[in-house]
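2 protein chains.
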Amino acid sequence: MAKESWLPDYSPASDFSLANIPFGIISTPDNQTPRPAIAIGDFALDLKTWLPMINKETVSDVFPGVDISQLTHALSQSTLNAFAALGRPVHRIVRKGIQDLLPKDTPFPQLLQDNEEGRTKALKRLSEVTMHLPMEIGDYTDFYAGYHHAYAVGVIFRGPENALQSNYMHLPVGYHGRASSIVVDGTPIRRPVGQILLDPKAEPKQPVVGPTRKLDIELELGCFISKPNEMGEAVDVKQAQEHIFGYVLLNDWSARDIQAWEYVPLGPFNGKNFGTTISAWIVLADALEPFRVKSEIENKTELQGYLKEEGEKGAFDIKLEVDLTTADGSETTIGRTSSKYLMWSFPQMIAHHTLGGCPMRTGDLLGSGTISGPGGVKERGSLLEMTENGKNEVLLAGMNARTFLKDGDSVTLRGFCDDGSGVRVGFGRCAGKIYSAVQR
Amino acid sequence: MAKESWLPDYSPASDFSLANIPFGIISTPDNQTPRPAIAIGDFALDLKTWLPMINKETVSDVFPGVDISQLTHALSQSTLNAFAALGRPVHRIVRKGIQDLLPKDTPFPQLLQDNEEGRTKALKRLSEVTMHLPMEIGDYTDFYAGYHHAYAVGVIFRGPENALQSNYMHLPVGYHGRASSIVVDGTPIRRPVGQILLDPKAEPKQPVVGPTRKLDIELELGCFISKPNEMGEAVDVKQAQEHIFGYVLLNDWSARDIQAWEYVPLGPFNGKNFGTTISAWIVLADALEPFRVKSEIENKTELQGYLKEEGEKGAFDIKLEVDLTTADGSETTIGRTSSKYLMWSFPQMIAHHTLGGCPMRTGDLLGSGTISGPGGVKERGSLLEMTENGKNEVLLAGMNARTFLKDGDSVTLRGFCDDGSGVRVGFGRCAGKIYSAVQR
Numbered sequence: 001m002a003k004e005s006w007l008p009d010y011s012p013a014s015d016f017s018l019a020n021i022p023f024g025i026i027s028t029p030d031n032q033t034p035r036p037a038i039a040i041g042d043f044a045l046d047l048k049t050w051l052p053m054i055n056k057e058t059v060s061d062v063f064p065g066v067d068i069s070q071l072t073h074a075l076s077q078s079t080l081n082a083f084a085a086l087g088r089p090v091h092r093i094v095r096k097g098i099q100d101l102l103p104k105d106t107p108f109p110q111l112l113q114d115n116e117e118g119r120t121k122a123l124k125r126l127s128e129v130t131m132h133l134p135m136e137i138g139d140y141t142d143f144y145a146g147y148h149h150a151y152a153v154g155v156i157f158r159g160p161e162n163a164l165q166s167n168y169m170h171l172p173v174g175y176h177g178r179a180s181s182i183v184v185d186g187t188p189i190r191r192p193v194g195q196i197l198l199d200p201k202a203e204p205k206q207p208v209v210g211p212t213r214k215l216d217i218e219l220e221l222g223c224f225i226s227k228p229n230e231m232g233e234a235v236d237v238k239q240a241q242e243h244i245f246g247y248v249l250l251n252d253w254s255a256r257d258i259q260a261w262e263y264v265p266l267g268p269f270n271g272k273n274f275g276t277t278i279s280a281w282i283v284l285a286d287a288l289e290p291f292r293v294k295s296e297i298e299n300k301t302e303l304q305g306y307l308k309e310e311g312e313k314g315a316f317d318i319k320l321e322v323d324l325t326t327a328d329g330s331e332t333t334i335g336r337t338s339s340k341y342l343m344w345s346f347p348q349m350i351a352h353h354t355l356g357g358c359p360m361r362t363g364d365l366l367g368s369g370t371i372s373g374p375g376g377v378k379e380r381g382s383l384l385e386m387t388e389n390g391k392n393e394v395l396l397a398g399m400n401a402r403t404f405l406k407d408g409d410s411v412t413l414r415g416f417c418d419d420g421s422g423v424r425v426g427f428g429r430c431a432g433k434i435y436s437a438v439q440r
Numbered sequence: 001m002a003k004e005s006w007l008p009d010y011s012p013a014s015d016f017s018l019a020n021i022p023f024g025i026i027s028t029p030d031n032q033t034p035r036p037a038i039a040i041g042d043f044a045l046d047l048k049t050w051l052p053m054i055n056k057e058t059v060s061d062v063f064p065g066v067d068i069s070q071l072t073h074a075l076s077q078s079t080l081n082a083f084a085a086l087g088r089p090v091h092r093i094v095r096k097g098i099q100d101l102l103p104k105d106t107p108f109p110q111l112l113q114d115n116e117e118g119r120t121k122a123l124k125r126l127s128e129v130t131m132h133l134p135m136e137i138g139d140y141t142d143f144y145a146g147y148h149h150a151y152a153v154g155v156i157f158r159g160p161e162n163a164l165q166s167n168y169m170h171l172p173v174g175y176h177g178r179a180s181s182i183v184v185d186g187t188p189i190r191r192p193v194g195q196i197l198l199d200p201k202a203e204p205k206q207p208v209v210g211p212t213r214k215l216d217i218e219l220e221l222g223c224f225i226s227k228p229n230e231m232g233e234a235v236d237v238k239q240a241q242e243h244i245f246g247y248v249l250l251n252d253w254s255a256r257d258i259q260a261w262e263y264v265p266l267g268p269f270n271g272k273n274f275g276t277t278i279s280a281w282i283v284l285a286d287a288l289e290p291f292r293v294k295s296e297i298e299n300k301t302e303l304q305g306y307l308k309e310e311g312e313k314g315a316f317d318i319k320l321e322v323d324l325t326t327a328d329g330s331e332t333t334i335g336r337t338s339s340k341y342l343m344w345s346f347p348q349m350i351a352h353h354t355l356g357g358c359p360m361r362t363g364d365l366l367g368s369g370t371i372s373g374p375g376g377v378k379e380r381g382s383l384l385e386m387t388e389n390g391k392n393e394v395l396l397a398g399m400n401a402r403t404f405l406k407d408g409d410s411v412t413l414r415g416f417c418d419d420g421s422g423v424r425v426g427f428g429r430c431a432g433k434i435y436s437a438v439q440r
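Chain order of the listed sequences is A and B. Here the first sequence is numbered in the UniProt record's numbering, starting from 1 and rising by one per residue. Here the second sequence is numbered in the UniProt record's numbering, starting from 1 and rising by one per residue.
Hints were generated in silico from the structure; no laboratory data involved. Keep in mind that a hint or two might mislead.
Said to hold, decoys possible - Here are the simulated DMTMM-like cross-link-like pairs (lysine to aspartate or glutamate), alpha carbons at most 20 angstroms apart as the crow flies:
#, chain 1, residue 1, chain 2, residue 2
1, A, 201, B, 161
2, B, 205, A, 233
3, A, 378, A, 302
4, B, 433, A, 161
5, A, 300, B, 203
6, B, 205, A, 419
7, B, 300, A, 203
8, A, 433, B, 302
9, A, 205, B, 233
10, B, 308, B, 203
11, A, 433, B, 233
12, A, 205, B, 302
13, B, 201, A, 161
14, B, 205, A, 298
15, B, 433, A, 233
As the list claims (entries may be wrong) - Beta-carbon label-pair distances, calculated as ranges:
#, chain 1, residue 1, chain 2, residue 2, range
16, B, 439, A, 89, 51 to 61 angstroms
17, B, 206, A, 294, 24 to 34 angstroms
18, A, 301, B, 166, 41 to 51 angstroms
19, B, 199, A, 300, 45 to 55 angstroms
20, A, 302, B, 132, 43 to 53 angstroms
We put the CB at the ideal spot given by N, CA and C, even for glycine.
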């Protein structure tokens, strides 16, 4: 059963319910310094402002066993890296402590509910806060663990017989992405210019340079690393959960025509590095634990030992959707799927990524790869799949239709878990609007 | 003609001659704080220590037009990012100023030559300093601009008819690498464990997990970015020189068997991300200007406008060599080549990388791709090429031979330019020793 909160306008059906307590970086009109906060209902609780207002001993009652000076320091930075670095046991205690402050029957009313100064200074309406990139991201890696996506894209480019490469069922295929172009929800995305081969069959092959004609989205789940590993030391798949800070929605914007020409033999480059959007609030690893499920993708391949997990529930059933809003304001949900269609879990991705000794650092980001369901075009996480690389149109509200994105289009990813009894944990939105390419 | 210096044991034939003045990050037994320095002959000049010892007005005479407070601040950091961010015009003045302090006929003897306290505190023998990673590296991109390497590797994997993909002559092919595993000269490299397909022809394909059997090197030139570009804004190829801070040697260690199994369809991953070594001293862009040459690789393809450079001298004639020292101490030079065999210039790489709006940040690193010459196995920058993927052995001193690297082997890259009259600019060494894989 979902709990009620004393906060105004609170609904347990909010993405940011008491069951969630996601962390982000906010600023406000009266204080432009980016700083840590949690989201609860329609509010952000500014932790940098609130924590020092409370008597240290009382804080220790709420966050038992946590070094309060260290926590206060970590929660006064402009990113969440220092907080993430404190490790999952601390995140667990802090999340639980904040959860205890907010329900109607809070055992700590004096800390916030009855603390008028604290409420006034530290509780801000979400509509009044500006969100910032929550982490300083060292390296970004994008995997390809969405089985139905990998298969569908493989069919488009290589036909059904060679759709999946022979390594696909043996290891989580991934590549290094670009960290510098990761932006937070709401940041506009400029249509990239690139080299494009308009007629792939003509010889000799003669590319042109121009704005992409095949601007696409990729619906993904992102995972932030908390605990680092030393160079030369692999992370055991059974320990990998302790290296995870939390999760975000991720849109790995893609220019399919640029990508198709450039990607052999070293992989995607300018087709991907012009922008990647993540949702602003990081849902902590523990908030998703109640929503574990077995992956819907059965892998009959005998796995190498380093990829074998304990238990079967490596996936989460996060309900995902892609909404497309055209310049005239019409909004259409063009895809619905779930993260249960990921074939590899994040612990498996971490174990594979570090197998050869690659060091991961606090703040590194892993993308799952595009998530699509098995049920046809309405369950796809990319326009590439929905339109079979532009062959068919996706019909939209307001008499609109698309093969790929037009200037002025906005794409919004949403995702949430619920347990059927009204307990809900959601991600908020991961949105971006396309603006026109540079004139060249 | 090369100048002489008043410094003890100085020789103009040093890599770190008066014509060079490379920047690095040092620490010393008496001061463990990493800090900026330049190398000159057998010495490091500790800039963080020296600069505040000098009267501000005198410093202004040496570095005319530079904001000395800003410079002092930048040169007191633990990386060179803040100095790099000051921009190439400032680097030019500072390098020239330091060059003026060091010759026999220096116009500023009171600043260092006759300043006993300054000399004692700030001049350190290179043998006594520890070198650190010179930059905080945001993103690392590795290109594939070494034509002879790309061709030779293409022949090995796809045969002579398909050696080069059809995009190769149209754009600088590249991929995103891993920044977290970039280490400085001298850092040991652990042999990576990975998934390997021992028999690529057997069906069904069944990989094993174990230490790489094909540990290789890649001889490359690295380029650090100084001036950033905004997301969404491309850098004009004709302006790209102003975005370059300087150059290092780079060894992109590679596990060929891991790479061969994993790399389709998204590119190299664990076969590369276990370690990349760079030389410790950054040779500033201006130090290499006198050694510009036309690339030896003629590209008859009509280039897209954004890749067209002014002038023909886009390459440098940096003489490069690869030395392999076995555990018994025998050293053999196994490859000699030159960076004049790069088909794309760094300005072209920067223009291509940013064409779609990808932001580059101060401290980002670009690798050239492996550099090989046209003249057979002695001019190759990787063992993959020298041995035709392990078919032949490279004969070494001390009755040794190799197909790929063994545990205990050290690889040292060296590189220098000279103008024939004794003026020399060198990179020092870029070395790493292999130690054994994790037992699994």
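Here is how each hint holds up against the structure:
For the proposed pair residue 201/A and residue 161/B, the alpha carbon gap of about 18 angstroms is at most 20 angstroms, so the pair holds. For the suggested pair residue 205/B and residue 233/A, the alpha carbons sit about 28 angstroms apart, so the restraint of at most 20 angstroms is broken. Between the alpha carbons of residue 378/A and residue 302/A the distance comes to roughly 32 angstroms, so the proposed pair goes past 20 angstroms and is violated. Proximity of residue 433/B to residue 161/A is assessed by CA-CA distance (about 44 angstroms); at most 20 angstroms being required, the pair is judged violated.
With a C-alpha separation of about 16 angstroms, the suggested pairing of residue 300/A with residue 203/B holds against the 20 angstroms cut-off. Pair hint residue 205/B plus residue 419/A does not hold up; C-alpha atoms about 41 angstroms apart against a cutoff of 20 angstroms. About 16 angstroms separates the Cα atoms of residue 300/B and residue 203/A, which keeps this hinted pair within 20 angstroms; it holds. Of the pairs offered as hints, the one joining residue 433/A and residue 302/B is violated, with about 35 angstroms between alpha carbons and a cut-off of 20 angstroms exceeded.
Of the pairs offered as hints, the one joining residue 205/A and residue 233/B is violated, with about 28 angstroms between alpha carbons and a cut-off of 20 angstroms exceeded. Proposed proximity of residue 308/B and residue 203/B is contradicted: the alpha carbons are some 48 angstroms apart, above 20 angstroms. The straight-line distance between the Cα atoms of residue 433/A and residue 233/B is roughly 17 angstroms, inside the 20 angstroms bound, and the hint therefore holds. Distance restraint check for residue 205/A and residue 302/B: the Cα-Cα separation of roughly 12 angstroms lies within the 20 angstroms cut-off, and the hinted pair is therefore satisfied.
With a CA separation close to 18 angstroms, the supplied pair residue 201/B and residue 161/A stays within the 20 angstroms bound. Between the alpha carbons of residue 205/B and residue 298/A the distance comes to roughly 19 angstroms, so the proposed pair stays at or under 20 angstroms and holds. Taking the CA atoms of residue 433/B and residue 233/A, the gap is near 17 angstroms; set against the 20 angstroms cutoff, the hint holds. For residue 439/B paired with residue 89/A, a C-beta distance near 30 angstroms fails the hint of 51 to 61 angstroms.
The hinted range of 24 to 34 angstroms is satisfied by residue 206/B and residue 294/A, whose Cβ atoms lie roughly 25 angstroms apart. For residue 301/A and residue 166/B, the Cβ-Cβ distance of about 34 angstroms falls outside the hinted range of 41 to 51 angstroms, so the restraint is violated. Look at residue 199/B against residue 300/A: about 21 angstroms separates their beta carbons, and that is not inside 45 to 55 angstroms. Separation of residue 302/A from residue 132/B is about 45 angstroms and conforms to the stated range, judged on CB atoms against 43 to 53 angstroms.
In summary, the structure is inconsistent with hints 2, 3, 4, 6, 8, 9, 10, 16, 18, 19 from the numbered list given earlier, while agreeing with the others.
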